Amino acid sequence: MLSSARWWLALALLATPAWAEGDAARGRAIVTTRQKGLCLLCHSGPFPEERFQGNLAPSLAGAGRRWDAAALRARLTDSQGLNPDSIMPSYGVANSLRDVAPAFRGKPILTEAEIEDVVAFLLTLTADE
Amino acid sequence: MKWLLLLVSVAAAEPRSGALDMSRELQAMQADDSANPGMLWVQEGEALFHRAEGRAQKACADCHAGLAGVATRYPAWDEATAAPIDLAGRIQQCRAERQQAAPLARESEPLLALAAFVTRQSRGLPLAPPEDPRLAPALARGEALFRQRRGQLNLSCAQCHEERAGLRLGSALIPEGQANGYPQYRLEWQALGSLQRRLRNCMVGVRATAPAFGAAEYTEIELFLARRGAGLAVEAPAVRP
Numbered sequence: 000m001l002s003s004a005r006w007w008l009a010l011a012l013l014a015t016p017a018w019a020e021g022d023a024a025r026g027r028a029i030v031t032t033r034q035k036g037l038c039l040l041c042h043s044g045p046f047p048e049e050r051f052q053g054n055l056a057p058s059l060a061g062a063g064r065r066w067d068a069a070a071l072r073a074r075l076t077d078s079q080g081l082n083p084d085s086i087m088p089s090y091g092v093a094n095s096l097r098d099v100a101p102a103f104r105g106k107p108i109l110t111e112a113e114i115e116d117v118v119a120f121l122l123t124l125t126a127d128e
Numbered sequence: 000m001k002w003l004l005l006l007v008s009v010a011a012a013e014p015r016s017g018a019l020d021m022s023r024e025l026q027a028m029q030a031d032d033s034a035n036p037g038m039l040w041v042q043e044g045e046a047l048f049h050r051a052e053g054r055a056q057k058a059c060a061d062c063h064a065g066l067a068g069v070a071t072r073y074p075a076w077d078e079a080t081a082a083p084i085d086l087a088g089r090i091q092q093c094r095a096e097r098q099q100a101a102p103l104a105r106e107s108e109p110l111l112a113l114a115a116f117v118t119r120q121s122r123g124l125p126l127a128p129p130e131d132p133r134l135a136p137a138l139a140r141g142e143a144l145f146r147q148r149r150g151q152l153n154l155s156c157a158q159c160h161e162e163r164a165g166l167r168l169g170s171a172l173i174p175e176g177q178a179n180g181y182p183q184y185r186l187e188w189q190a191l192g193s194l195q196r197r198l199r200n201c202m203v204g205v206r207a208t209a210p211a212f213g214a215a216e217y218t219e220i221e222l223f224l225a226r227r228g229a230g231l232a233v234e235a236p237a238v239r240p
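If you read the protein sequences in the order shown, they are chains X and V.
In this text, residue positions in the first sequence follow numbering that gives the first Met the number 0: the first is 0, and each later residue adds one.
In this text, residue positions in the second sequence follow numbering that gives the first Met the number 0: the first is 0, and each later residue adds one.
What the hints contain is simulated information worked out from the structure, not anything from laboratory work.
Here the structure is a predicted model, which is why all the values come from computation and not from measurement.
One or more of the hints may lead you astray.
As the list claims (entries may be wrong) - Heads up, incomplete: computed chain X residues facing chain V, CB under 8 Å, no partners named:
| hint | residue |
| --- | --- |
| 1 | R65 |
| 2 | D67 |
| 3 | Q79 |
| 4 | L81 |
| 5 | F103 |
Glycine included, each C-beta is placed from N, C-alpha and C at the ideal position.
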C-alpha cells in the first residue's frame, strides 16, 4: 500500500512530460539555419541579421504569447495533423510520406529533442515586434 | 452575380512568364543575343545541325530546312513508340535512327545545343500544345504528378506554383513554373540546362526522389506545363538567376 505522500509523488511524476527541457539558444540556431529548420523559407520573424525571410506563413514574432508549449509542440510535430491542407511540414512525422529521397527516408525533419529546443525558443518570442 | 465575377476573373487569368519577375538586368541579358550566354549553345547547335553524322552521313539540315514553330508543339505523340515524346527525345531519335549515329545522352552538351538551336527558332511564337486525344492519359498523369505532395517536406508543385506564385520562398520569388524558356541559362548552374534539370531541382528541394533524366514522368509533367502555359511566347534560351 502506497502512503498518500508517495501516491501523490507518483502521480506528479506521471503527469510530468517525458520531454527534456528544451534549450532556447539551440532552438534559435535551428530556426534560423536554412538547411536545418527551414522555418525562414516560409516564415519571417524577429531575426534582423537574417536576410531573405519568406512570406508564405505568419510571422513568428509573438508566437510565444499566442501559443503555449503544448500548442507549439503539437504544431511543430504534426502541422498537417492539425490541418491537412497546411504546407508547414510535420517536423516530427517520418511515415506516410511519398517519394522521400533516400538520404531523408524514414527520418523526421527534426528529432523530438530538437523540437523541444525550438519550442523553448518560440516561447521567448513574446513581443509583437 | 458572384459566379459571374468569378468566371470573369478565371478567364482573365493568363499565364505569366517567369521572366517578368526578374531584375531589369537579367531581363536585358535575356533579350540581348550578344549578352545572353545561352546563345553560345545556340551557335554550337547550329554548327551541329549542319554537320553530317553517323553511318548515314547525313546532317539534320539535309532533312530539315527550318524548324520554326516546331518547339511550340512539343511534347507530341510519337507514332514509333506509341508514347509522348519531348523535343530532346525527338532529336535523340532522329540522331539514332536517321543519322545512325552514336546516341546523345540527356543533358549532354551536344543535345542541349541542338535543342537550344531548334527551340530558338520558335522564339516569340505562342506555345501551342497539340490537341491530340492520344496524349490525354499522359497529360492527366502529368497533372496528377503536379498536384501530388512528395518528399520529406511533403509539398506539391501546385502548392508553390499555383497557390503561392508571386510570394517569397526565402529569397526566391516563386514563379508560376512556366516551361516557355527551356533550355535555359541559369546563373546558379553557370550553364544551359533542360526543363528536366529544373524539375529535378524542385524535386530535390522538397527532399524527394527525382526520376532519372529521360523518365516518362518528366514528359508527362511537361505536357501539363505546356497545357497550362498555352499561348505564352517561347523565350528560349531564357536566362534565370
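Hint by hint, here is what the structure shows:
no. : hint : in the structure
1   : R65  : 22 Å, violated
2   : D67  : 26 Å, violated
3   : Q79  : 7 Å, holds
4   : L81  : 14 Å, violated
5   : F103 : 4 Å, holds
Consistency note: the structure conflicts with the earlier hints numbered 1, 2, 4.
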